[in-house]
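Knowing the structure of chain A, use the given hints to seat chain B on it.
Line order of the protein sequences matches chains A and B.
When you line the first sequence up against my numbering, it's residues 72 to 458, in that order.
When you line the second sequence up against my numbering, it's residues 2 to 598, in that order.
Each hint should be verified, as a subset may be incorrect.
Stated by the list, open to error - What follows is a set of in silico ranges between Cβ atoms, one per label pair, in the way DEER data are often shown:
1) A:S370 / B:N108: 51 to 59 Å
2) A:K161 / B:K82: 45 to 53 Å
3) A:K161 / B:E468: 31 to 39 Å
Unchecked claim - No more than 20 Å apart at the CA atoms, straight line, and that leaves these computed lysine to aspartate or glutamate pairs for EDC-like:
4) A:K260 / A:E133
5) A:K410 / B:E133
6) A:K347 / A:D327
7) A:K414 / B:E133
8) B:K181 / A:E386
9) A:K241 / B:D172
10) A:K241 / B:D11
11) B:K385 / B:D406
12) B:K88 / A:D420
13) B:K29 / B:D11
14) B:K82 / A:D108
15) A:K209 / A:E96
16) B:K181 / A:D80
17) B:K60 / A:E356
18) B:K60 / A:E427
19) A:K286 / A:D108
20) A:K414 / B:D124
21) B:K88 / A:E427
22) A:K248 / B:D25
23) A:K202 / A:E95
24) B:K82 / A:E427
25) A:K346 / A:D327
26) A:K161 / A:D80
27) B:K181 / B:E164
28) A:K414 / B:D129
29) A:K424 / B:D129
30) B:K179 / A:E386
31) B:K478 / B:E490
Claimed, not checked - Partial pick of chain A residues on the chain B-facing surface, computed with a CB cut under 7 Å:
32) E386
33) G390
34) T428
35) I431
Hint data in this document are derived by calculation from the structure and do not stem from the laboratory.
All residues carry an ideal CB built from backbone N, CA and C; glycine is no exception.
Here's the letter readout for the chains.
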Amino acid sequence: MAELVQRVDLIFGEYSDEKYKVLEETLSRSNEDIIKDLLNSGLKGRGGAGFPTAMKWKYAAEQPVKEKYVVCNADEGEPGTFKDREILSKVPRKVFSGMAICAKVIGAKKGFIYLRGEYRFMLPALQVELKEFHVYAKKLKLDFTIEIKMGSGAYICGEESALFESMEGKRGEPRNKPPYPTVSGYLSKPTVINNVETFVNVVVICRIGPVQYRKLGTQDSRGSKVFSVSGDTPKPGIYELELGMPLVRFVEEFGDGDTKAVQVGGASGFCVPMKKFKDTIIGFEGVPTGGSMMIFNSSRSMYNVLHNYLGFFEEESCGQCTPCRVGCQQLKKGIEAVKRGDKPVVYLDQLMKLSETMKITAKCGLGQSVANSFSSIVNNFKEEMIY
Amino acid sequence: MAEKLKLQIDGIDVTVNNGTTILDAARKANIHIPTLCYHEDLCVAGNCRVCVVEVGGSKALVPACAMPASEGMQVRTNTGKVRLARKHIVELLLSEHNADCTKCYKNGNCELQYLASEMLTGDPLYIDLVPEHNYTIDRFNSAIIKDDSKCIRCQRCVRTCEELQSVSALDVAYKGNKMKISTFFENPLFEVVCTNCGQCVLRCPTGALIERNYIDQVWDAIYNPNKHVVVQTAPAVRIALGESLGMAPGKIVTGKMVAALKRLGFDAVLDTDFTADLTIIEEGHELLNRLKRVLVDKDPTVALPMATSCSPGWIKFIEHTFPEYLPNLSSCKSPQQMFGALAKTYYAQKKGIDPKTIVSVSIMPCTAKKFEADRPEMRSSGYKDVDFVLTTRELGIMIRQAGLDFESLPNEHFDSIMGESTGAAVIFGSTGGVMEAALRTAYEVVTGRPVPFEKLNILPVRGTEGEVREASIKIEKTLPAWSFLEGVELKCVVANGLAHAKRVMQSVKDGTANYHFIEIMACPGGCLGGGGQPIPTNPEVRSKRKAAIYEEDMGMPIRKSHENPEIAEIYKEFLGEPLGHKSHELLHTHYTPRKRY
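Bound-form chain A, shown alone:
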């Protein structure tokens, strides 16, 4: 049987960096060289927003400040995402190596892993691995240590500036931007914060080179991506696939034959209905994803799906900015009222406008992205919202 999707094994397999060889080799290279390679590789952040990693590192490296930090965002909270947990359990050394390379490039001596509160069970194993890493770092004469900070279960703390606030012992609320983390991050010092998978990709690129890496994916979406596949699928789980494939091929591979929609990128992502599977690319040129792929078959009510997401956002908003705090409540109450018949169908248009306002006025990515699932579900499944 021909493979419908291109499986890749760069993140987990082949090379587990048993003795931190890639790190050792990379440490002998110049910083400019490493940044050039990252730039050529086309690597974009794997957390979902897709900011070019090379640029982030470059900005931080350019800051004329002595104290800088590297932070690994392991607050994997997006509904339907569970790949960072797998990466950190299976190949933690690649994560540490990626962070250490970043530290070398930007000139940081201290790194942090902000670990999702629910992942506390992974802590002992990670601590053992970290001990090993620090031994190797000493051997390599690398002045860099990594500390793990535990989250406490708030979704908003995955937002980078809220994450810093949380790390500093404050309430997890997003900051105003600018300044961006590369200028003022943890403790208001220049900080590179990347997703777990991004750091591993750096190690991959340092090992196989940008030319080899670029062979995977499309122009806007290079490399591979670890997907968390869930929902109505006979084979839920974690898969590393080439980026930039059409959604239709993904559905043929993972669907149960009755797929009516796929939610790409979790609750904050987009819902793609069947009729658009063919024309939708999974990648930054189409629908970006931090890894979450939720498959829904015809037995599912998309009203219930949306209602569930809105309930999630309503609770997980930090509550500081008006559009997000009140907007989420209004969207949820609004679709309930339309469903009950207390509000006319045209009220959905009013709610669409509200979601657009949230998108352009909310303080952080949380409030800005509620409109993604809201508008894509309401637009594509309007009947289900009403009847």
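Structure of chain B alone, referenced to chain A:
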């Protein structure tokens, strides 16, 4: 020199310093951008999103309060997109807000109400969420009422409490739809570290934080023919009351205020300034006495530095935060409470009025004074010394209720007795004022000469907002009785705002500072920026009030407390001597250590 940059706002070229926000740049160009969570005195929060504007070709809008201007930036503040977004945001706020305006104390002085009218909000755009929220009202406090159903979560109060006052009695609790402003373990305000300073009340844009008003009780007393209602007015009220009645900030309205109070029907209009002078005599002698016991008697039980005790917000703060330093507080009651104790003893005696029938009202720039009057210690006359405390704002409301045209009232004089005062008492209303007044008297007691400063203006101790001011005054050529002070450099420190008070006390605790005398006022700028003063407050308004206070001082015929003839009279006829038996009974008090939690 800061670097300049040029941007365009609505087609108008604006040149500003690097680092200026879009909001400040727009204000410079006289372009109005609405705000709610923004406040001049506080850090930028950027959380209400009412001030969003369009920048360049960017799809998303940016908050003008938080976004720095950049070279060549194209800002548009009045596009369809901006107006729609702002309207949505105000509508969202209204949907969470108990918009029962006619029942609200802030009706007519509410920033949300103003914005709603500006945006012509008609029928609500969104579903009313108020019934969904289990809002609570904390009305258990004698000074401040907190009504969550009016709260729009702008966090001005949270920032005020933390940044200006370092009290942090209020903070954000919960998240998402349950997010609210609350206290430690959601306890009522009277059970937490709140100092009742009312700075949050000054900055709350809606009616979520208001003073507990006693207007109706005071009217009832006035209308009761069997009651003799005396009213005292604090120094900082006379330079701010005009603002409550439509006048510009910084107008001295002492005479009009007296006229208004007489027309409201008070039986005697007296002056807290009289007891401010009395405070100086008592407190000045207390300081000299402590110095003597330390320097001459080598008494180890005497606490130095001595700190002023006029500001009830400061008193509650030190009770919670530095309870081990309570012996350092002057034992003098505040002028309000001295007045209260004397009104029902000395005044009653002289006027031949049964103290039972006296209702003692005070007009204060302060909300903490309401709490102070309710303290169990404050009943040394045998009755509640001060029955009702009204803020400057409440007096403003009463004057409007009475239909008085305030600006056209003639200037009238305080009644006697306890109506005479000096310039030294007036400056109690500003940071550094108590220090200056005390020095004017203490220096003269010790040396027999006036303080060696031009026109008695001791500029080095005149506090400045937002800083701790240190000064020292060398005592030379003393009178024989005070020879132990010869050559002593009296080290003084003046702080306003509790965040600065905390710094001063911390340095005393750490042993890094060596002061003799500490003046602390809980509110930024001192009482002129008090929590009971007219709203709005900002640095400009406060600096105008400050100028007015010192102008009033300069205009007084007598400017030293010990030269107040009524003061001499009260010691002769009633009190005996400073720190004497009667003084201790009526004018001095003690403090209560409190826990932080």
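Worksheet item: Does the structure break any of the earlier hints, and which numbers would those be?
Response: 3, 10, 11, 14 and 16
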